[in-house]
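S.K.: Following the hints, position chain P against chain X.
There are 2 protein chains.
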Amino acid sequence: MIRILLVEPMNLLRGALTATLSLEEDFEVVADLGTLDQALDMARAVPPDVAVVNVALLAGDGLTTIARLGAEQPDCATLVLAGPDESGLLNRALDLRIDGVVGTQAAPCELVRGIRRLVRGERVIDASLAVAMVTAPRSPLSPRELNVLSVAASGVPSTEVAAELHLSTGTVRNYMSAILRKTGARNRLEAVRLAEGAGWFQ
Amino acid sequence: MIRILLVEPMNLLRGALTATLSLEEDFEVVADLGTLDQALDMARAVPPDVAVVNVALLAGDGLTTIARLGAEQPDCATLVLAGPDESGLLNRALDLRIDGVVGTQAAPCELVRGIRRLVRGERVIDASLAVAMVTAPRSPLSPRELNVLSVAASGVPSTEVAAELHLSTGTVRNYMSAILRKTGARNRLEAVRLAEGAGWFQ
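Listed in order, the protein sequences are those of chains X and P.
In this text, residue positions in the first sequence follow UniProt numbering: the first is 1, and each later residue adds one.
In this text, residue positions in the second sequence follow UniProt numbering: the first is 1, and each later residue adds one.
Hints listed in this document are in silico derivations from the structure and should not be mistaken for laboratory results.
Check the hints yourself; a few may be wrong.
Partial chain P-side listing against chain X, Cβ under 7 Å, derived [said to hold, decoys possible]:
1. Leu12
2. Thr20
3. Ala106
4. Arg186
5. Leu189
If you anchor each label on the Cβ, the simulated ranges turn out as follows [unchecked claim]:
6. P:Pro47 to X:Thr35: 39 to 45 Å
7. P:Arg97 to X:Arg120: 47 to 53 Å
8. P:Ala163 to X:Leu40: 50 to 56 Å
It should be emphasised that the depicted structure is a prediction, and the values quoted were computed from it without experimental measurement.
C-beta atoms are modelled at their ideal positions from N, C-alpha and C, and glycine is treated no differently.
This is chain X alone, in the form it adopts within the complex:
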């Protein structure tokens, strides 16, 4: 039996995938979770052969959890599900020990095939997502500039960006000038759109 741990936040997709994967005679979904919070505990209780995790959950602490899962469960392969606009997160996920990527535009049979290949020790990378990742423009911004832009992205004025980041308003304005110069954007909104489109905030 191939034991699968499925972590997907959209209940409808998670439920339908659990039912679909369970149709395979040698597949067993040993746990399905909406967040990574209890993934380590579940994996300790019933060690899975494959963890299937939505890439959206790898923002913030998610990458740490996946790294720990890899360290604790060296026999468990990790497969990430990713949408077409998530190449930023995906690039960061691939720096970790991720064994496979399947796109949400794949058919369920492709996910089934990917899981089987992973269990055989192969690596699985969705071709259309790979193209998107390779062609996505890399960020020219420093981590600090990206941070300033991500706070400004909510639409708050520079004074509030400054307050939130414990900077002076003048410093925030200097960062914004550098951001516009480096990205070639003509205004703050255009810079935000560029960063969102390229996945730099993820």
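M.R.: This is chain P only, laid out in the frame that chain X set:
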């Protein structure tokens, strides 16, 4: 048999739902499509009892297609699948003859139950989505103002917004002033965020 036409753009979800719904002995997914383009043709070929359609497809021409489906197939109930952030589109969809709404945070068994209720002639509205729709702030903007803001949302300067909408730059600036005044936003980016968050662009 309950014949289902499923129209969902995410291949993985569509495939998994088709497999899951087909597990019900009295359900038959007579067609599954990624767009509404061929939905009318498919419905004419094999009249469905229920059309399950992702709300994202109702933007633009989608509402017209659904209205025509309702007119051509009076015995076919329409059920919309919607995510938690799509109350704007959902509000517009409900002005049409939509018989049911199920959220993407529902479990597959809730979708199954919703389809059965629709076939019995009941109306099905996801409670958590209804709350989001009722509490979402209504747009204070005129259609023209909303149009100006939606073009500006890409980050292009007023001169380009003016060129695209065949207006003078001064007129666009006047619209932007009215937009900031009516929404209470402190700048263009904040106005765009407000409109996106409330679903006014959908």
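S.K.: Does 50 to 56 Å hold as the CB distance between alanine 163 (chain P) and leucine 40 (chain X), or does it fail?
M.R.: 55 Å, holds
S.K.: Would you settle whether the hint for leucine 12 (chain P) is holds or violated, based on the nearest Cβ-Cβ distance to chain X being less than 7 Å?
M.R.: 5 Å, holds
S.K.: Please check whether alanine 106 (chain P) passes as an interface residue: C-beta within 7 Å of a C-beta belonging to chain X.
M.R.: 6 Å, holds
S.K.: Hold the hint about arginine 186 (chain P) up to the distance rule: shortest CB distance to chain X must be less than 7 Å.
M.R.: This interface hint holds because 6 Å falls under the 7 Å limit.
S.K.: Starting from the range 39 to 45 Å, see whether the pair proline 47 (chain P) and threonine 35 (chain X) falls in it by beta-carbon distance.
M.R.: Roughly 41 Å apart at Cβ, these two residues keep to the hinted range, so it holds.
S.K.: Using the nearest Cβ pair, does threonine 20 (chain P) come within less than 7 Å of chain X?
M.R.: 4 Å, holds
S.K.: Given leucine 189 (chain P) as an interface hint, is its Cβ closer than 7 Å to any Cβ of chain X?
M.R.: 4 Å, holds
S.K.: Given the hint of 47 to 53 Å, check if arginine 97 (chain P) and arginine 120 (chain X) actually sit that far apart at their C-beta atoms.
M.R.: 51 Å, holds
When the structure is compared with the earlier hints, no violation turns up for any of them.
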